[in-house]
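*Asks:* Residue numbers (numbering that gives the first Met the number 0), protein chains in the order written: chain A, 0 to 273; chain B, 0 to 333.
Quick caveat, the hints were computed from the structure, so don't treat them as lab data. In this text, a Cβ means the ideal position worked out from N, Cα and C, and glycines have one as well. Check the hints yourself; a few may be wrong.
[Unchecked claim] Some chain B residues near chain A, calculated using beta-carbon distances under 7 Å:
(1) L51
(2) A69
(3) P71
(4) F80
(5) S82
(6) A84
(7) M104
(8) Y221
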Amino acid sequence: MARSVTTGAKIGWSIAAWVVALLIFFPILYAVITSLKTEQEAIAGFSLIPSGTFENYITVQTQRDYFKPFMNSVILSVGSTILALIIAIPSAWAMAFAPTKRTKDILMWMLSTKMMPSVAVLLPIFIIFRTFGLLDSRVGLTIMLTLINLPIVVWMLYTYFREIPGEILEAARMDGASLWKEIVYVLTPMAIPGIASTLLLNIILAWNEAFWTIQLTTTNAAPLTAFIASFSSPQGLFWAKLSAASTMAIAPILILGWFSQKQLVRGLTFGAVK
Amino acid sequence: MGSITLKNVQKHFGEAKVIPSVDLEIKDGEFVVFVGPSGSGKSTLLRLIAGLEDLTGGTITIDGKDVTDAAPAARGLAMVFQSYALYPHMTVRKNIAFPLKMAKMEQAAIDKKVEAAANVLNLTDYLERRPSQLSGGQRQRVAIGRAIVREPSAFLFDEPLSNLDAALRGTMRLEISDLHNQLKTTMIYVTHDQIEAMTMADKIVVLNRGNIEQVGSPMELYLTPRNLFVAGFIGSPRMNLLTGDYAKAKGATTAGIRPEHLTLSKESGTWKGRVTVAEHLGADTFLHLDVEGIGQMTARASGEFGAHHGDTVYLTPDETRLHRFDDKGLAIKA
């Protein structure tokens, strides 16, 4: 028997959902509103109606070039994601289709590294970076972002690969595919939805990563997260400009997320219902 | 060519000896069926031949060449899986062409072979479709097509029909037999269905707990089962296995009589039984009876016999068709 849902309950739940959604989105919305205020308005107190000036955006762009950190963000997030996938696809293949007694332990161990506070390894990482001359370099930061997101990428891919029937890969083996061809021609195309959502999620994670990007860069390799942070400077609080910088920093990823939301949701719920 | 020899083949999964030791000779062009209940090791044995599992011990030779440690593709065998195992992201054409592409064949030659295979299997109209747009029978034919184009020395079938409905199973059974007659290539076919085994095989290998119980032609197994297991497994409905006084009188621990070797009468006979269930199939009726002094028995009557639940029926065994087994379950030779 189908549950009957009254129109009243539907409206009630819709309102509740909108309230929760608004609550989650509010900090971003308020940043956008603040970015359209003057600095005086910004510190004056809570107000949802800005004067609508675009001055902050112009100042931010003229004071510090937005384009360079933007490009850095793109290079770091896309680069680290591709690198992570290149490492993670074969790893996840091995764990999903040729598991050993220790596979579960390795997966847990990988995940456990994500439970550790990043600051705990700041010093050793900093020294390693300094020794190898990787500080404030795109290469160094790409490697760093690859490594910190790799456990999640491997886990996600592992989950998707587990859904693929092993018989299909065995068929490929019987058909004369080498291991590499099996991964390229059969496994990867079949796992495209999963790989795509992993890719998108990882780009978002890498784009928003602030701890390491701020700690390990100064100017040359600084992405948008460091760009935002640079506005909360010792010279004083510039809330409106900070908000303008934030808006500019999150806009690209927001747009990417918006266009790929179908893929993201499909990927994240992949395998939940057979 | 496609003769396959297994010598002392063993497979252990940890402590479990799935295949303790198997010796088997398969001749070129033979249609061999591995049959047995689930867990009998028939699929494992096929996968060992295919190279999808590593042997724990023993050797496998194909056409005189030792392939024990060879990669699956290097053995020149093609396999059809239970789940069809088609590549869902490729069209039928690309599915069938895949093994040829892996063998780095020229595109023109690939196209020609794919067209030829599609023609044999009535798939020409479906070449541009994806597997998801095909019916179960068509998918199975694509899987067979993918196997044919490689011109393997032997085909391996792993319960290929068990996902199909009964009617389609009958048709595909004929198609596979027909294919074997056309290609005359060695085929090894795994099934748990003794009807498939009886109807298709040149040679049946009956497996139980990883051991070969008997190897022989369908009629050999039917007429002279080597032991109780084969006697009970081959033939439908199952053979009646009688212990007790009747068997003792015949000098055996167990006496076996097939349902079709009991003569039925409504007036008189050796045994008196009461019908518990009558299964009317049309031409035949299978009677499940409660027989005095013996217990449950099954008998085959003609469709016109007309017995129903609760009726009393007299049975007389054809004692020339009696099977006798000793206390170890082995057949006693007359």
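*Asks:* Compare the structure with each hint and give your call.
*Replies:* Here's how the hints hold up against the structure:
With 7 Å as the threshold, the beta carbon of B:L51 comes within range of chain A, its nearest partner Cβ sitting at about 5 Å, so the hint holds. For B:A69, the interface hint is violated, since its Cβ never comes within 7 Å of a Cβ in chain A; the closest pair sits about 12 Å apart. Annotation: B:P71 was flagged as interfacial toward chain A, and the flag holds, the nearest CB pair being 5 Å apart, inside 7 Å. Taking 7 Å as the C-beta cut-off, the interface hint given for B:F80 holds, the closest approach to chain A being about 5 Å.
Among the interface hints, the one on B:S82 holds; its C-beta lies about 5 Å from the nearest C-beta in chain A, closer than the 7 Å criterion. A least Cβ separation of about 4 Å between B:A84 and chain A falls short of the 7 Å threshold, and the interface hint therefore holds. For B:M104, the suggested interface contact is broken, since its CB lies about 11 Å from the closest CB of chain A, more than 7 Å. Restraint check, B:Y221 versus chain A: the minimum CB separation of about 33 Å is more than 7 Å; hint violated.
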